[in-house]
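S.K.: Which chain is which? The protein sequence lines are A and B, in order.
Sequential numbering from 349 applies to the first sequence in this note's numbering.
Sequential numbering from 349 applies to the second sequence in this note's numbering.
A portion of the hints provided could be inaccurate.
Any copy, or any two copies together, can satisfy a pair, since identical chains are not distinguished.
Lysine-lysine pairs mimicking DSBU-like chemistry, simulated, CA-CA at most 35 Å apart [stated by the list, open to error]:
(1) Lys614 <-> Lys498
(2) Lys381 <-> Lys463
(3) Lys433 <-> Lys381
(4) Lys378 <-> Lys498
(5) Lys649 <-> Lys381
(6) Lys361 <-> Lys404
(7) Lys512 <-> Lys498
(8) Lys362 <-> Lys614
(9) Lys467 <-> Lys361
(10) Lys381 <-> Lys498
(11) Lys467 <-> Lys437
Please keep in mind that the hints were generated in silico from the structure rather than gathered at the bench.
Letter by letter, the chains look like this.
Protein chains: 2
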Amino acid sequence: MFIDNLIEKIKDKKNPTVVGLDPRIESIPKFLKDMAYNIHGENVKGICEALYLFNKGIIDEIYNIVSAVKLQVAFYEAYGAEGFKVFFKTAEYAKEKGIFVIADVKRGDIADVAKMYSKAYLQHKSIDAITVNPYMGEDTILPYIDDMIKFGKGLFILVKTSNKGSGDIQDLKTNKGLVYENVAEMVNRISKMVLGKSGYSSIGAVVGATYPEVAKILRKQMPYCLFLVPGYGAQGATVDDIKNCFDNNGLGAIINSSRKVIFAYKSPNWSELYSEYEYAKAARAEVLMMRDMINNSIIKKKQIMM
Amino acid sequence: MFIDNLIEKIKDKKNPTVVGLDPRIESIPKFLKDMAYNIHGENVKGICEALYLFNKGIIDEIYNIVSAVKLQVAFYEAYGAEGFKVFFKTAEYAKEKGIFVIADVKRGDIADVAKMYSKAYLQHKSIDAITVNPYMGEDTILPYIDDMIKFGKGLFILVKTSNKGSGDIQDLKTNKGLVYENVAEMVNRISKMVLGKSGYSSIGAVVGATYPEVAKILRKQMPYCLFLVPGYGAQGATVDDIKNCFDNNGLGAIINSSRKVIFAYKSPNWSELYSEYEYAKAARAEVLMMRDMINNSIIKKKQIMM
Chain A
349 MFIDNLIEKI KDKKNPTVVG LDPRIESIPK FLKDMAYNIH GENVKGICEA
399 LYLFNKGIID EIYNIVSAVK LQVAFYEAYG AEGFKVFFKT AEYAKEKGIF
449 VIADVKRGDI ADVAKMYSKA YLQHKSIDAI TVNPYMGEDT ILPYIDDMIK
499 FGKGLFILVK TSNKGSGDIQ DLKTNKGLVY ENVAEMVNRI SKMVLGKSGY
549 SSIGAVVGAT YPEVAKILRK QMPYCLFLVP GYGAQGATVD DIKNCFDNNG
599 LGAIINSSRK VIFAYKSPNW SELYSEYEYA KAARAEVLMM RDMINNSIIK
649 KKQIMM
Chain B
349 MFIDNLIEKI KDKKNPTVVG LDPRIESIPK FLKDMAYNIH GENVKGICEA
399 LYLFNKGIID EIYNIVSAVK LQVAFYEAYG AEGFKVFFKT AEYAKEKGIF
449 VIADVKRGDI ADVAKMYSKA YLQHKSIDAI TVNPYMGEDT ILPYIDDMIK
499 FGKGLFILVK TSNKGSGDIQ DLKTNKGLVY ENVAEMVNRI SKMVLGKSGY
549 SSIGAVVGAT YPEVAKILRK QMPYCLFLVP GYGAQGATVD DIKNCFDNNG
599 LGAIINSSRK VIFAYKSPNW SELYSEYEYA KAARAEVLMM RDMINNSIIK
649 KKQIMM
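Bound-form chain A, shown alone (with noise of 0.2 Å):
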């Protein structure tokens, strides 16, 4: 079952952390976009060979020590049909690597639809997990939960997205709480369907880092779900606003961080240490700082509870 794999994934590399591969070409170091553009010149394919050059010297150096890498589709689907046969080559080659592979895709549409969708990435053999968006309603998400059992597949909805505007329709308050507190019962009822093993759910919830408050309420409301956490690193969360999407045993999230990660070779922190040729192991360097400090975090939150 998804869950209890990616749970016990997590317990034995002792890290929550989920790398964002997001590959910009504009950040991409200029060794790999030569490398590629000598091949393929400076032109759609050349660009897609390049984001995947950059996406597998990342994996190399981090597939030991993440449990799952996350890939947003709009960075490839910009490239159309080039674009996305490097999403599925950059899914294959994390899966090789004994990485559990989320596409955030953030689809939502009619049941019909919803198949459809469900046959593009949850019936695809190197994707873990996808991403759907709530707005239409409960019988657009449960199509895929047929494929979810039959493929040992996960599913992470939209509850409470990080970025500014989120508010906008999240937060409205209604009769029966604010918006996503509805998403959010709904969910956590749907996700008893499809309970692991180890006590946690394949639908988990997608909970921004950078509304700590909120993710404390969504963290009792959803008990059996993993929270899918974006928001952290270069969207502003810091690693004291992602310690209420943990639960009590320190489990129940991971946190998602793209291009603090990816392109920590160009940040002050690590532009001293490693040239762009090492853009991976600064990309490393910048998981394990991550790794240890929300372990650190998780720790005392556990010891201030005792």
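Starting from the known structure of chain A, fit chain B onto it as the hints suggest.
M.R.: Chain B alone, transformed into the frame defined by chain A:
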């Protein structure tokens, strides 16, 4: 400007019908599959070729009677990179034939990601407009506006969708009206940023045909917005249900029908008149019937109001 050109075309063609090119391999005439499989084999490439041949046949028969086609991307995305090739190839063919192309992608993500989706679709020469999901808030919608203005494109924001479960989130009662009314307020506000000479905006709204009383309220709340109306035909809404989507000028809405048009050759209505070889002629006949029924309904509505 997108909206002015589209309104002009709707007036020319006297037809607010949009044909949904959502091909399903199991419903495509055998002779087309045979043709495609003979060239490429019965594999993903063969399937995608069959989808394209099918779409091309439909476009050839309807391009001179409709203003727009809508491509539900999931029916292509399900086939990965090959599917995307056919998605854009179909869009290009429709564009060459002078039809507007709406990419029904329902994307929604943080600003940086929205820009990548905009690059994927609004910057593509053969896509005129896309659908987007508002759950993540206004700051996830605004990033599309630059490209809309620069490239003369359109945006349709989900407000009230056609599916049964749409009420789960969209109908929640807030202290400022229902959730979808809050979305409509936002859509109306930003629609004024891209007003055309026609008096309509290049920002429109998705409003399901299956909730006619809701459409009546939303029609007043978003006076500048073209409604993209799903739910007609196979999803159960009738010509009576959609008249509230039109304004007093008999404009302001485009009505999508997918399965009922493109697979008309299989329906009891048309299967005696058209063989599978004439599937596109059956689609044309269905469109003409739909056009006339809608136009009669608009005329009746106007007469009642006078």
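S.K.: Checking an output row: Lys381 and Lys463, CA cutoff 35 Å. Within, between, both or neither?
M.R.: Answer is between; shortest inter-copy Cα gap is 22 Å, intra-copy 37 Å.
S.K.: Check Lys649 against Lys381 for me: Cα-Cα at most 35 Å, and say if that holds within a copy, between copies, both or neither.
M.R.: neither (44 Å within a copy, 61 Å between copies)
S.K.: Is it within, between, both or neither when you check Lys512 against Lys498 at 35 Å Cα-Cα?
M.R.: between (37 Å within a copy, 26 Å between copies)
S.K.: Please sort Lys467 with Lys361 into within, between, both or neither, judging by C-alpha distance up to 35 Å.
M.R.: within (31 Å within a copy, 37 Å between copies)
S.K.: Are the CA atoms of Lys361 and Lys404 at most 35 Å apart within a copy, between copies, both, or neither?
M.R.: within (20 Å within a copy, 52 Å between copies)
S.K.: Under a CA distance limit of 35 Å, which applies to Lys362 and Lys614: within one copy, between copies, both, or neither?
M.R.: Cα proximity of Lys362 and Lys614: one copy only (27 Å, versus 57 Å across).
S.K.: Taking 35 Å as the upper bound on the Cα-Cα distance, should Lys433 and Lys381 be classified as within, between, both, or neither?
M.R.: both (18 Å within a copy, 25 Å between copies)
S.K.: When Cα atoms must be at most 35 Å apart, do Lys614 and Lys498 count as within-copy, between-copy, both, or neither?
M.R.: Only across copies: Lys614 and Lys498 sit 32 Å apart there, 43 Å inside one copy, limit 35 Å.
S.K.: Taking 35 Å as the upper bound on the Cα-Cα distance, should Lys467 and Lys437 be classified as within, between, both, or neither?
M.R.: This pair counts as both: shortest intra-copy Cα distance 17 Å, inter-copy 21 Å.
S.K.: Can you tell me if Lys381 and Lys498 fall within 35 Å by alpha carbon in one copy, between copies, both or neither?
M.R.: between (40 Å within a copy, 29 Å between copies)
S.K.: Is the C-alpha distance from Lys378 to Lys498 at most 35 Å within one copy, between copies, in both cases, or in neither?
M.R.: Classified as between: cross-chain Cα gap 30 Å, same-chain 43 Å, threshold 35 Å.
Hint 5 from the list above is the single one not met by this structure.
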